[in-house]
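Read off the chains here:
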Amino acid sequence: MSVASPAERDELNRLLIRVGSNDQKAFAELYQRTSSRLFGVCVRMLRDRGEAEEVLQETYTTLWRRAAGFDASKASAITWLVALSRNKAIDRLRQRREQVLEDPSKLDEAPDERPTPAADAEISQEHRRLEHCLDELEPQQQTSVREAFFTGATYNELSTRCKVPLGTMKSWIRRALMQLRTCLDQVGVDR
Amino acid sequence: MSTAANDNDDLRYAEYVLGVLDADARAAVAREIETTSEAATAVSLWQRRLIPLAESIDEIVPAPHVWQRIRDALRLDMPARAQSHKGLWNNLPLWHWLGIGAGVVAATLLVVVFLPHLAPRPVAVSAGYMASTIQQDNGVTGWTATMDLKQARMVVVPATPVAFAEGRAPELWLIPPGEKPIAVGMIARDKPTTLALDPALLARLGPTAALAVSVEPIGGSPTGQPTGAVIAKGAISGA
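Protein sequence lines correspond, in order, to chains D and C. Residues in the first sequence are numbered consecutively from 4, following my numbering. Residues in the second sequence are numbered consecutively from 330, following my numbering.
Keep in mind the hints are simulated off the structure, nothing from the lab. Each hint should be verified, as a subset may be incorrect.
If you want the footprint, here are the derived chain D segments under chain C, 3+ residues with CB under 8 angstroms [stated by the list, open to error]:
| no. | segment |
| --- | --- |
| 1 | 57-71 |
| 2 | 152-160 |
| 3 | 181-188 |
Facing chain D, a subset of chain C residues (Cβ under 8 angstroms, in silico) [claimed, not checked]:
| no. | residue |
| --- | --- |
| 4 | Leu347 |
| 5 | Arg355 |
| 6 | Ile386 |
| 7 | Thr522 |
Remember, it's a predicted structure, so these values are computed and weren't measured experimentally. For glycine and all other residues, C-beta sits at the position ideal for the given N, C-alpha and C.
Could you put the whole structure together from the sequences, leaning on the hints where they help?
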């Protein structure tokens, strides 16, 4: 499934709006079209298939209940959905973190594995712009933003993982975010 | 013109979307999103900026039971029951009759809403637990499965770690007598896996059913039926 094309994106928007009026068929179709994308995100962040399944389930039950609040003028359906699943996954990570804190060695086990870049044709224009702006950051800023995004780690965890002081990690990421905002808003942010 | 205070807020929203805030700071931003439209708009903007990065994550097809669980949790695809709820909900005389006090209404509604769901819940087995030793063809135990019927969950523990080719993983199936295998879920080859059992699965557990493990792609069988070799099987017995 590709969600990169504007036509596909509009189709998902329409489906999500129909889900907002309790259309079960639209819900089933939206699940079919988006669940592998969202499940990939959950597995990537949680690194545990069972937990990822639970978070995926939470994501879609929340989606069903909150779809009426979806506003296509603010974000596209797929952005809204991926953001929802990431939020659920991050919340889960924070709960888990309390357990991990008793055994900090577990933190270092997370392998630093980069997702393989998708083929150019599958990349949306928005993603291409973001990559372009990321490329303009200092290498360590870029690495920490990606690591943060793909692992859902806190500032504390990131500074431990990258072996830099907490303040340094915070300033890398904060400067990176402000630079990204400037860069992305220059080229325009599309839905 | 942006002020320093605005910038600080915007930075927090960016940090929220990126996912670097700790639990307390996240909860604070989540509350702001609910209560102020400025926060909600700023967070949406950051989602539009950053979420496209997720496109570089490989897609993984979830096992079919996830959708079943979502449907069960939301009680979808049950038109008869859904209608009867709506009927009650829209029943004005009932509301008048119930109009004694909010607390009473809430309590009564709980009964009204939950009663219809009590009946179809499978109460087939009262023993509480079932177990299965899932053996490989050479007689060596691959996994043991314990089913807790009350909690509707199954714990599958590997006895002998089985080797899998890269990109392949074990998937567990329930085979009721004379029926097609039903996907239970992906299991780990080297550590215990806990699986939730939906009512459809629970109802089919019994001494005449069997469990089997097949070799499937990491995301589970793409067809909903075993596509790879069946490497281990076991009968189910009361524990």
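Here is how each hint holds up against the structure:
{"no.": "1", "hint": "57-71", "result": "holds (count 5)"}
{"no.": "2", "hint": "152-160", "result": "holds (count 7)"}
{"no.": "3", "hint": "181-188", "result": "holds (count 4)"}
{"no.": "4", "hint": "Leu347", "result": "5 angstroms, holds"}
{"no.": "5", "hint": "Arg355", "result": "7 angstroms, holds"}
{"no.": "6", "hint": "Ile386", "result": "5 angstroms, holds"}
{"no.": "7", "hint": "Thr522", "result": "6 angstroms, holds"}
When held up to the earlier numbered hints, the structure conflicts with none and fits them all.
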